[in-house]
Each structure stands twice: as C-alpha cells, then as structure tokens.
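The sequence shown lines up with residues 4 to 62 when you count with my numbering.
Possibly wrong hints are sitting among the right ones.
Subject to a maximum C-alpha distance of 20 Å in a straight line, what follows is the list of computed SDA-like cross-link-like pairs (lysine to any residue) [said to hold, decoys possible]:
1) K41 with Q57
2) K24 with A36
3) K24 with T45
In short, the hints are calculated from the structure, not lab data. Predicted model only: the values in this text are computed from it and were never measured.
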Amino acid sequence: MASGSAFGGNTVALAAGNDLKVTNSTILSDDAASLIAKCDITIAAATDTSIESQHRSVK
4 MASGSAFGGN
14 TVALAAGNDL
24 KVTNSTILSD
34 DAASLIAKCD
44 ITIAAATDTS
54 IESQHRSVK
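All chains, full assembly: derive it from the sequences and hints.
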C-alpha cells in the first residue's frame, strides 16, 4: 500500500539541493506554496493504493 504525506500552512516551501519528488502527498497553503529544486521536480500520484472501510452496528 502506498503512503504519502500532508504539508500545510500559511506559506509552504519545499526545497531540494538536487531532485524534488512528491508522490501521493497533499500540499495545502493559505497564501503561497513553492517547490524549488536544483534539478528536476516530479509530482506523481501513487500507483499502488487500496481503500478499506468497515462498519459495525450494535443494537
């Protein structure tokens, strides 16, 4: 199962000295978001996901 990260705030800045790769993650910003890398920036969705839901009712 793929897992990701969540980043959020008023201003969000992600920086890398080489490549920056964001996979299956959420980046939320109220004001501004910036992604800075010396080389490549890759933003990708997860390719291996699953969703599980359970419901239990007791009377």
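Verification of the supplied hints:
no. : hint         : verdict
1   : K41 with Q57 : violated, 44 Å
2   : K24 with A36 : holds, 15 Å
3   : K24 with T45 : holds, 5 Å
Of the numbered hints listed earlier, the single one contradicted by the structure is hint 1.
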